[in-house]
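Student: Sequence:
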Amino acid sequence: MSTSSCTFKDRRVSILCCKFCKQVLSSRGMKAVLLADTEIDLFSTDIPPTNGNIVGYHVIVPCCSCLLSCNNGHFWMFHSQAVYGINRLDST
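Per the working numbering, residue 13 is the first one in the sequence shown, and the count goes up by one each step.
These aren't lab readings, by the way, just hints derived from the structure by calculation.
Check the hints yourself; a few may be wrong.
Stated by the list, open to error - Derived Cβ-Cβ restraints for the label pairs, each shown as a range:
hint, residue 1, residue 2, range
1, S81, C33, 32 to 42 Å
2, S77, K34, 28 to 38 Å
3, I66, D102, 17 to 27 Å
4, C76, C33, 14 to 24 Å
5, I98, S77, 25 to 35 Å
6, L80, K34, 33 to 43 Å
7, V73, V45, 28 to 38 Å
8, Q35, S77, 31 to 41 Å
9, L80, D49, 13 to 23 Å
10, L47, R24, 17 to 27 Å
11, F32, I52, 13 to 23 Å
12, H70, V36, 16 to 26 Å
13, P60, I98, 15 to 25 Å
14, Y96, D58, 26 to 36 Å
Don't be surprised by glycine CBs; every beta carbon is placed ideally from N, CA and C.
Construct all of the structure, not just a fragment, from the sequences and the given hints.
Tutor: Take a look at the structure:
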């Protein structure tokens, strides 16, 4: 994971839910952008979901370009048409 030139500490963390069944998929989600097409909005997490619906995909072997770019280790990707995020609030 490359973190030398970027940081994720100021990024919002979201609870990700399935738009179809409302099940919580992850409490560690973040908004993401597809590097190959920055017009496509996604959500991502680092923990596999337990939902039975097809709501995204898993990056099994990231390419070198992706690993060298600013990334947070989130390789479970969710389509914004299938998932919505609820911003988590910190304890302060």
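Student: Now tell me, hint by hint, if it's right for this structure.
Tutor: Right, here's what the structure says about each hint:
1. S81 - C33: 32 to 42 Å: Holds, at about 33 Å.
2. S77 - K34: 28 to 38 Å: 36 Å, holds
3. I66 - D102: 17 to 27 Å: Violated, since I66 and D102 (Cβ atoms, about 32 Å apart) do not stay within the stated range.
4. C76 - C33: 14 to 24 Å: 37 Å, violated
5. I98 - S77: 25 to 35 Å: Holds, at about 32 Å.
6. L80 - K34: 33 to 43 Å: 37 Å, holds
7. V73 - V45: 28 to 38 Å: 20 Å, violated
8. Q35 - S77: 31 to 41 Å: 33 Å, holds
9. L80 - D49: 13 to 23 Å: Once the Cβ atoms are compared, 19 Å apart, the range 13 to 23 Å for D49 and L80 holds.
10. L47 - R24: 17 to 27 Å: Hint holds: Cβ distance 20 Å, inside 17 to 27 Å.
11. F32 - I52: 13 to 23 Å: 20 Å, holds
12. H70 - V36: 16 to 26 Å: 18 Å, holds
13. P60 - I98: 15 to 25 Å: 20 Å Cβ-Cβ, so the 15 to 25 Å window holds.
14. Y96 - D58: 26 to 36 Å: 19 Å, violated
Checked against the numbered hints above, the structure breaks hints 3, 4, 7 and 14 and satisfies the rest.
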